[in-house]
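Chemist: Now for the letters of each chain:
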Amino acid sequence: MTALLKLDDISVSIGNLGLLDRISLSVGRGQVVGLVGESGSGKSLTAMAAIGLLPLIGGRVTKGTVRFDGQDMAAMTETQRRKLRGARIGFVTQNPMTALDPVQRIGEQVDVVSRLHLGLSRADARARTLDLLTRLRIPEAGAVVDAWPHQLSGGMKQRIVIAMALAGDPDLIIADEPTTALDVTVQAQIIQILGSLVRERGVALLLITHDMGVVAQVCDRVAVLYAGRLAEEGPVGPIFAAPAHPYTAALIGCIPQDGMAKGSLTGIPGAVPSAAAFPAGCRFHPRCPRASDLCRNTPPMIVHRTAGQVACHHPGEAE
Amino acid sequence: MIAPLRALRRPQGAVAGLWLILVICAALFAPLLTPYAYDIQNLPNAYQPASAQHWLGTDEFGRDLLTRLIYGARTSLSVSATAISISVFCGMVLGASAAWFGGWLDRIVTMTVDLTWSFPEILIALILVAIIGPGTTGVMIAISVAYLAQFTRLTRAQIMTLKGETFIEAARSLGAGNAHLLFRHLLPNALAPVLVSAMLATGDAIILEATLGFFGLGAQPPVPSWGGMMSAGSALVFKAPWVIIFPGLAVAITVVAINLYGDALIAELDIRSRLRREA
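Line by line, the protein sequences are chains H and F.
The first sequence: position 177 = 177 (the working numbering), numbered continuously.
The second sequence: position 190 = 190 (the working numbering), numbered continuously.
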């Protein structure tokens, strides 16, 4: 399968601060790739790099290439990149509560995307919007298009944001924590909607989340980020069955299971270090149960395996 | 229902709004409402107190005071409102471009604005009228420049906060360009606080226009303006106090009404905090 989005060994800095370090990752058509990690691990930054919006926050790709459909994003002009956004790459932002313009009606905000990218007339764009909203299972789509954002619930707004991302008929959707701000019941619906989009329309989906449960539910592959580095990447099945990296194992350990005894849900002690204070060696070693002297001094190399990659000095060992 | 109408349902908004509508209608339909001409002198009839023929009395040339007051509303309101409209338009263009493009443009605009803000509006207006020369055009330009700093600052502050909003990032990540972001998202969102503060500034501008008129720098005789009428009346305070009292009351009541209605509008739009975030 040819990759639609391919991040090849990219490093990203803001000012002199190195935030992402040698991340490789690819998303193919019809594939759902989960990008997982705690807050501050660099997930959103990776997404910004993928759509070429890093300069907006003063960041830049210092090493490696971002390729979309074979084209190097860095070699494009900003105008060319802008034409990709919305038309070929749909972006679903993190917080649906503030992702819609408060002084524009819902319908106009969705319409404008297809008018801009597909060149539709006002009437055709509205028809497309109504069709999209109906397919996203929004009840009474005809009334919703005339509503203002403040009249909708969070789950409804997130569907509108997804509709906006879909309106330009993109090949790739990047969803940045699309369910974080929502109720659990609504979360499940949104994840289901995103998953069925991939199956029905053959789009590629990069799903950024910190919830391993969501990954297990819909993703084909998963990439685990920790403190700006890739910890482990590969197909979901094998990784959940036998995580090689202790951080992956710890994240999986954070999913509540049926029949668990009270208080037996394990957390991960400590917190993600800030970019100004990344520890030497493996960045996970202060929180790692397997840490050895080697981990404290030498950063692990990324080892490519048959189906994925892992960066750990002690992969797959028992604790 | 839209906010300006909702504001009319609040008690102070209703009273103030009614007065404003009355004054605006009087100004608009002045020739239909007034039985006398504002500029024909009738000397034997001078210094008449209020009567059935002249509800508010006559001035030193025997002209009907009510007629002149109504025509004066025309001058005062049109000069202030036009001046503030020019000021708002230029202020939004300046403030928005400063906030959007940043860099040296932002520095120059902010510096100039801060500089002009350190002078009282009346001083700026007086200097400008001195340069341009007296008359309604001069006063209009003077008032619009005097209030330019306020709208530039307010717009700039609004756009700066809005720039960081998620919906701007969302629009950009879906391919929106600069013009689209500025005209479809940023300016419409900044509009409500700017318009409300423009409305309140119109009240101040009426006072400024009256002040300049009082100094004889506004509309030139025989065209009446509230400030000019007060100026004529100031010499007659004891002989014919109504000549200064009624235009003074007209200014005072109108300005209070604008402020009350503005307050009701602010409450309806729920933007008090956004107006305070001006610096």
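No lab work stands behind these hints, which were simulated from the structure alone.
We treat Cβ as the ideally placed atom computed from N, Cα and C, and that holds for glycine.
A portion of the hints provided could be inaccurate.
[As the list claims (entries may be wrong)] The calculated label-pair distances, taken between Cβ atoms and stated as ranges, are:
1) F:241 with H:146: 55 to 65 Å
2) H:274 with F:112: 38 to 48 Å
3) H:154 with F:2: 18 to 28 Å
[As the list claims (entries may be wrong)] Incomplete in silico selection of chain H near chain F, CB under 8 Å:
4) 51
5) 80
6) 91
7) 95
8) 101
9) 102
10) 105
11) 107
12) 256
13) 260
14) 264
15) 265
Chemist: Taking the hints in turn, state whether each one holds.
Modeler: Going down the list of hints, with the structure as the test:
| no. | hint | in the structure |
| --- | --- | --- |
| 1 | F:241 with H:146: 55 to 65 Å | 58 Å, holds |
| 2 | H:274 with F:112: 38 to 48 Å | 40 Å, holds |
| 3 | H:154 with F:2: 18 to 28 Å | 26 Å, holds |
| 4 | 51 | 6 Å, holds |
| 5 | 80 | 11 Å, violated |
| 6 | 91 | 4 Å, holds |
| 7 | 95 | 5 Å, holds |
| 8 | 101 | 5 Å, holds |
| 9 | 102 | 7 Å, holds |
| 10 | 105 | 12 Å, violated |
| 11 | 107 | 14 Å, violated |
| 12 | 256 | 30 Å, violated |
| 13 | 260 | 36 Å, violated |
| 14 | 264 | 37 Å, violated |
| 15 | 265 | 32 Å, violated |
Comparing the model with each numbered hint stated earlier shows that hints 5, 10, 11, 12, 13, 14, 15 do not hold.
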